[in-house]
Amino acid sequence: MLGSVSRLMPDITLKEHQAMAGKLRDLLAAYKKTEDLINIGAYVSGSNPRVDEAIAVYPRIVDFLRQDLYEYTEYSQTLELLKSIAGKGVTGNSQV
25 MLGSVSRLMP DITLKEHQAM AGKLRDLLAA YKKTEDLINI GAYVSGSNPR VDEAIAVYPR
85 IVDFLRQDLY EYTEYSQTLE LLKSIAGKGV TGNSQV
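The opening position of the sequence shown corresponds to residue 25 in this note's numbering, with each subsequent residue numbered one higher.
Note that these hints are calculated values from the structure, not bench results. Mixed in with the good hints there might be a few duds.
[To be verified] For lysine-lysine, the following DSS-like pairs were computed, each having C-alpha atoms within a straight-line distance of at most 27 angstroms: (1) Lys-57 <-> Lys-47; (2) Lys-57 <-> Lys-112; (3) Lys-107 <-> Lys-56.
Please construct the entire structure, taking both the sequences and the accompanying hints into account.
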């Protein structure tokens, strides 16, 4: 996900959706950047609020990204789930 950028997304999604997806990518990147320290127990909680937030939501991000190929979820449900994971502090509710 971190290496993939959709050029079509801005044309077919709301700004809020784009902002939440960006926040999710940011949290995932923060986690991945610090993952080795986290895994060996060397990361000190509180030393980086962004990493702390990423650690807190990482399991939910992984679950969100692992939707089965044949699992169907309504777009509105997907947005609500995305918002529950990455919606804190995200703005941008204009339509494209």
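Structure versus earlier hints - violations, ascending order: Checked against the structure, no hint fails, so every one of them is satisfied.
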